[in-house]
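The task is simple: from the sequences and hints, build the whole structure.
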Amino acid sequence: MAPLEPWEKVLVDGEKFPQSTHGQKSCIDCHSGTQSSDKKTAHQGLVASPSAQPEEFCAECHADQTAAYANSLHNTQAGYWTAINARSVPENHPALETAFNNHCATCHTTCGECHVTQPKNVGGGLFSGHLFEKTPPMTRSCTACHGSRVGNEFLGKNEELPGDVHFREARMNCVKCHEGVDLHGSVNSAPEHRLAGAEDPKCVDCHPSVAPGGDSNPMHQTHGETLSCQVCHSITYTSCDGCHVAVSETSGKPYFETQATYMTFLIGRNPNPSEERPYKYVPVRHVPVAETSYQFYGENLLSNFNALPTWVYATPHNIQRNTPQNSACENCHGGNTALFLTSDKIKPEETEANQSVVVDTLPISIEVILSAPNMPAAHAQIPPDLCATCHTSGSGNAPLTPESHAVYSKDQCQGCHKLPE
Amino acid sequence: MRKSLVVILLVSFWLVGCKAATPAPTIISTDLPGAVPASPTVEAVDYCVSCHTDKEELISTAKPVEAAESESKGVG
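Chains as they are written, first to last, in our numbering: chain A, 872 to 1292; chain B, 6 to 81.
The hints are simulated quantities; they were obtained by calculation from the structure and are not laboratory data.
Among the hints, a few may not be true.
Listed below are several chain A residues computed to face chain B (Cβ distance under 8 Å; list not exhaustive) [said to hold, decoys possible]:
id : residue
1  : TRP878
2  : ILE899
3  : LYS910
4  : ALA913
5  : HIS1017
6  : SER1019
7  : THR1107
8  : CYS1111
9  : PHE1127
10 : THR1129
11 : MET1134
Calculated cross-link-like contacts (lysine-lysine; reagent style DSSO-like; alpha-carbon spacing at most 30 Å) [said to hold, decoys possible]:
id : chain 1 : residue 1 : chain 2 : residue 2
12 : A       : LYS1028   : A       : LYS911
13 : A       : LYS896    : B       : LYS68
14 : B       : LYS68     : A       : LYS991
15 : A       : LYS991    : B       : LYS60
16 : B       : LYS68     : A       : LYS880
17 : B       : LYS60     : A       : LYS910
18 : B       : LYS78     : A       : LYS1124
19 : A       : LYS911    : B       : LYS68
20 : A       : LYS1028   : A       : LYS991
21 : A       : LYS910    : A       : LYS1073
22 : A       : LYS1151   : A       : LYS991
23 : A       : LYS880    : B       : LYS78
24 : B       : LYS78     : A       : LYS887
25 : B       : LYS78     : A       : LYS1028
26 : B       : LYS78     : A       : LYS1218
27 : B       : LYS78     : A       : LYS911
28 : A       : LYS896    : B       : LYS60
29 : B       : LYS60     : A       : LYS887
30 : A       : LYS1289   : A       : LYS1216
31 : A       : LYS1124   : B       : LYS68
32 : A       : LYS991    : B       : LYS78
33 : A       : LYS1005   : B       : LYS60
34 : A       : LYS1151   : A       : LYS1005
35 : A       : LYS880    : B       : LYS60
36 : B       : LYS78     : A       : LYS1216
37 : A       : LYS880    : A       : LYS1047
38 : B       : LYS78     : A       : LYS910
39 : A       : LYS1028   : A       : LYS1216
40 : A       : LYS1047   : A       : LYS1073
All of these numbers come straight from a predicted model, not from anything done at the bench.
Every residue, glycine too, gets a C-beta built ideally from N, C-alpha and C.
What follows is the structure, given as structure tokens:
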């Protein structure tokens, strides 16, 4: 996105804006300053971004949104601090706060930076003559910040990779799924990160037939509760390594350097299965954190670096109906390690951090699954986690589990040994 | 008799002259229903709007941009 010229950033639409709702107020009502033909005098006391104080300037008419926005991740940036706190210790927080304020706080967003102007970190400037846009323009607002990963995936800007089907086929924009109420936050909860709380948006809200028990697709019925939708329906996406931040000795300005950016598609284990996201497997993306990311601000600031994985639960925004991995069962159930985050793909220094996501055991081959004998019909009432009770002791003449099954999870017997139809 | 009348009149004038001055009655102006206020002869200029809707004015008064090359490298 090309930056705007200085004059473009502040040019007000003299015809449309005065006719709009917000145009009924005088400029000084929101921006302060002084009525004067002299530019310097006129701008004395100017409030360039009134919505940085939403309680004062927005709440009178938008009370609900203003109250909720205090909890919004767009406002709190709590996701950053959740990760930083987990990887650090309290005595390192002052130095990390300095780093955060220099490098990360620019991602904080005001009401105006979605509804009136482009975000500051892409140079700012009015969208359309100071008109307030109820729906933020996607590429000048949403993907101006969420561009290098989400934006490129969704819009099909990654070389030789198609954009998201929702954009390609239906020209859906971000707010079709991420509705205003989601983006503005809620007065009732202050999420710690984007994966906290209910899964929202959720694919089955628009595609109810693919929910478990909903359609005849055996993939959906077999995997609906164990795989996130993106495991089967997303394609290659971006991962990054080693972001380091510092302040320039020459200009005094903060800067960053990312060591590597590369394309991946890897399935890992879900590090935090929850009621809302019960999936055992999810796509994982390498985030650009390194143990030395903040070393400019002090030694060993991320002293608990291994507390969180560096390959994280990802929700790639390049959904396709047909993907390389969902074309055949063998792609995952055929001993192919390429699709999985196996230990050989993890840097040695990050091995410990990624214990919760690494895939140690590949899915069982499709031949083994299809040749596995069915359970007796009478077992229908037995909970799946009790199979081992009899089949490891031989109780009741139950056949003993073969040694080759030792690598399999004891609550997944029904994955291969189905009940008779 | 005439002399007494003159004395009474003189005393009366004297007494009236010593009385505290009475303030002049003020006229309270009230807008009558349907009254039309006088239109101002000069319309107030909104300098904010007049400048910020004038592209040429903004171009001529814009502060020159200092070309500051970012030292950041890689994907943010």
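Right, here's what the structure says about each hint:
no.	hint	result
1	TRP878	holds (4 Å)
2	ILE899	holds (7 Å)
3	LYS910	holds (6 Å)
4	ALA913	holds (6 Å)
5	HIS1017	violated (11 Å)
6	SER1019	holds (5 Å)
7	THR1107	violated (15 Å)
8	CYS1111	holds (6 Å)
9	PHE1127	holds (5 Å)
10	THR1129	holds (3 Å)
11	MET1134	violated (12 Å)
12	A:LYS1028 with A:LYS911	violated (43 Å)
13	A:LYS896 with B:LYS68	holds (27 Å)
14	B:LYS68 with A:LYS991	holds (18 Å)
15	A:LYS991 with B:LYS60	holds (22 Å)
16	B:LYS68 with A:LYS880	holds (12 Å)
17	B:LYS60 with A:LYS910	holds (15 Å)
18	B:LYS78 with A:LYS1124	holds (14 Å)
19	A:LYS911 with B:LYS68	holds (11 Å)
20	A:LYS1028 with A:LYS991	holds (23 Å)
21	A:LYS910 with A:LYS1073	violated (51 Å)
22	A:LYS1151 with A:LYS991	violated (39 Å)
23	A:LYS880 with B:LYS78	holds (26 Å)
24	B:LYS78 with A:LYS887	violated (41 Å)
25	B:LYS78 with A:LYS1028	holds (20 Å)
26	B:LYS78 with A:LYS1218	holds (22 Å)
27	B:LYS78 with A:LYS911	violated (36 Å)
28	A:LYS896 with B:LYS60	holds (22 Å)
29	B:LYS60 with A:LYS887	holds (15 Å)
30	A:LYS1289 with A:LYS1216	violated (34 Å)
31	A:LYS1124 with B:LYS68	holds (20 Å)
32	A:LYS991 with B:LYS78	holds (19 Å)
33	A:LYS1005 with B:LYS60	holds (25 Å)
34	A:LYS1151 with A:LYS1005	violated (38 Å)
35	A:LYS880 with B:LYS60	holds (11 Å)
36	B:LYS78 with A:LYS1216	holds (25 Å)
37	A:LYS880 with A:LYS1047	holds (28 Å)
38	B:LYS78 with A:LYS910	violated (37 Å)
39	A:LYS1028 with A:LYS1216	holds (26 Å)
40	A:LYS1047 with A:LYS1073	holds (12 Å)
Figure legend: structure checked against the earlier numbered hints; hints not met, in rising order: 5, 7, 11, 12, 21, 22, 24, 27, 30, 34 and 38.
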